[in-house]
Amino acid sequence: MRKALLAFFLFFSFNSYGAGAKIEIPKYDWSWKGFFGTYDRASAQRGLKVYREVCAGCHSMNYLAYRNLGDLGFSEDHIKAIAAEHLILDGPDDEGEMFERDGIPSDQFANPYPNVQAARAANNGAYPPDLSLIVKARPKGADYVKALLLGYVDPPEDMKVPKGQHYNKYMAGNLIAMTSPLSDGLVDYDDGTESSMDQMTTDVTTFLAWAAEPSLEDRKKMGLKVILFLIVLFALAYISKQQIWRDIKH
Amino acid sequence: MSSDQLQGYKKTLNSPYTGIKGWIDSRLPLIRMMEAEYLKFPVPKSLNYFWSFGGIAMFCLIGLILTGIFLGFHYKPSAEDAFDSVERIMRDVSFGWLIRYLHANLVSFFFIATFIHIFRALYFGSYKAPRELVYIFGLTMFMLMMATAFLGYTLPWGQMSYWGATVITNLFSAIPVVGDAILQLLLGDFTVGDSAVNRFYVLHWLLAFAIVGLVVFHVITLHMTGSNNPTGSEPQSWDETVSFHPYVTIKDLNAALFFFIIMAFILFYYPNILGHSDNYIKANPMITPAHIVPEWYFLPFYAILRAIPDKLGGVIAMFSSILALGLLPWLDTSKVRSCLFRPIWRYCVLLFAVNFLVLMYVGGKPAEDIYVLISRIGTAYWFLFIFVLAPLVGFLETPRQPLTITNYLQSKKA
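Residue numbers (this note's numbering), protein chains in the order written: chain A, 2 to 251; chain B, 29 to 442.
Treat each hint with caution, since some may be false.
Said to hold, decoys possible - In silico PhoX-like cross-links for lysine-lysine, where the CA-CA straight-line distance does not exceed 25 angstroms: (1) A/K242 with B/K440; (2) B/K68 with B/K39; (3) A/K250 with B/K39; (4) B/K393 with A/K23; (5) A/K242 with A/K141; (6) A/K164 with A/K28; (7) B/K393 with A/K250; (8) A/K250 with B/K441.
In short, the hints are calculated from the structure, not lab data.
Given the sequences, and given the hints that come with them, work out the whole structure.
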């Protein structure tokens with residue numbers, strides 16, 4: 002009954018969205034935009050490093066397996082090495098005991114917490130969302146993710162930020178439980194790229210965009226072929242139609 | 029009946045074919061039927077491209093069923109597994125992303141084709157005698173389509189699936205006395221949850237095939253009367269018709285290819301543009317999305333629902349908006365079918381179409397003052413159109429004499 006009332010209430014009032022000023026999310030330039038866009042592999046690889054060294058402390062990546070990293074151009078040995086750095090809970094074994102072992106490429110990304118409750122307990126009651134789909138699960142997608150990471154600024158003077166919350170100009174309601182996760186030079190890139198805030202946020206967002214939609218490149222490639230095929234077929238059908246209707250007065 | 033009469037009657041049942049074709053056809057008269065209904069079937073020469081959307085909608089339905097079968101191989105209907113199984117389809121099943129995006133986008137294009145198809149019926153008076161049943165089967169299919177689409181949208185078990193299902197199924201509780209019982213029967217529980225997904229999955233399949241069944245009735249009734257055409261005048265001779273094949277088949281193929289090129293563009297480059305980003309978040313009964321909106325094709329009806337400041341009243345208004353359209357064949361008092369010859373009604377129908385789009389727009393907006401006001405005006409016009417304008421305009425306006433098909437084609441040339 003409470004649910005019914007809640008739904009009823011939501012239904013006839015359902016606006017909490019219009020409240021407050023509208024937040025403008027800036028637009029960034031992404032390598033995968035456009036008809037021929039592809040994920041910038043070097044950027045996504047750096048992004049993986051940012052994820053593993055910073056985000057992975059709290060955020061899971063449940064829908065990715067280590068083997069998927071092959072798509073980003075990592076070699077098989079490299080993937081094995083990455084997987085092996087993580088402990089995976091497996092079992093039960095023949096004695097009925099659970100045991101920990103090194104990760105292998107077919108494992109899903111290791112989860113930082115055993116369960117939601119543990120995640121909440123470790124984060125002041127806030128649950129760090131899984132990041133596998135984050136770019137598709139937010140209205141402005143990649144632009145929003147990058148903006149959010151860059152959006153930690155000083156709050157307006159008249160605003161009181163509660164303890165355990167942080168001001169972020171792109172978060173709905175401007176309060177977020179996560180502290181600013183990145184700072185200049187935080188991650189030491191293997192390829193010597195300078196790890197500025199702008200660079201790191203672009204890289205990690207590229208990685209997350211790939212994680213959310215790994216089929217994007219196949220899709221765009223197939224799309225081009227399908228549309229060209231349909232256009233040729235349409236041209237043939239149009240000529241046939243003119244031929245067939247030629248003698249009909251209409 | 030004399031023996032001669034009996035022999036004569038039996039002769040009419042004989043197959044016109046010989047050989048294997050004749051052997052099959054004299055036992056199962058399908059070949060003869062297909063030839064009569066799909067090859068030689070006479071269709072008015074004057075059809076324009078508005079008449080292609082029925083065929084296009086059928087292509088969409090076939091596509092949905094085929095992709096649905098393949099999705100069904102991998103989908104798991106439970107609150108625990110549904111979301112994950114969809115992600116597995118997107119990531120690990122070969123061409124799974126293609127099958128799922130096709131299924132999700134075909135629905136939208138099915139609705140686009142159907143909306144245009146219904147507009148065509150209204151504008152050219154296809155609903156009028158003797159095609160009332162064609163029209164009513166069509167509207168019935170449209171309602172089943174909406175039910176099927178709603179059920180399908182709940183299946184990925186994302187946030188919008190879950191909360192949309194919660195809001196919409198709660199409409200049933202507005203029904204006096206039996207509402208709660210119906211709701212529990214539908215959900216198999218007191219709230220939307222595991223058993224609801226399971227039921228919705230079964231019903232989604234069931235209704236999809238119920239639509240297929242109704243397509244058969246839609247087509248049978250259509251083939252009894254033949255197609256309407258822009259003039260609304262019945263063909264007077266063979267000269268005013270063409271055979272279904274190859275004339276209509278090639279024309280519809282052109283229209284369908286054009287339509288599917290546009291669809292392919294959305295499918296391959298903006299596959300999520302018609303969906304909602306919240307549905308990529310797994311359903312969570314503890315967290316309510318800031319803004320619960322139905323799929324775009326429900327928005328006009330959602331606007332009507334919200335226009336009435338009473339739950340039961342809103343539900344009645346929403347359902348009766350479509351049911352009332354079914355009365356149009358009897359409420360429209362004009363003898364003339366096509367809007368081409370109806371100077372006043374034409375603008376009423378065009379305004380009805382514009383009003384539909386306006387309702388769609390406000391249905392997607394928050395229920396704030398101005399939008400509620402617009403949705404009320406829109407809802408009022410919807411019912412005014414059916415119950416007042418349809419009978420009244422028939423009396424008031426002086427229609428032009430409808431052209432025959434031949435004269436219409438000549439006048440178009442000139």
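Results for each hint:
1. A/K242 with B/K440: Judged against 25 angstroms, a Cα distance of about 19 angstroms means the pair holds.
2. B/K68 with B/K39: Status holds; Cα separation ~22 angstroms.
3. A/K250 with B/K39: violated, 38 angstroms
4. B/K393 with A/K23: Status holds; Cα separation ~14 angstroms.
5. A/K242 with A/K141: violated, 44 angstroms
6. A/K164 with A/K28: Cα-Cα ~31 angstroms, so violated.
7. B/K393 with A/K250: violated, 49 angstroms
8. A/K250 with B/K441: holds, 10 angstroms
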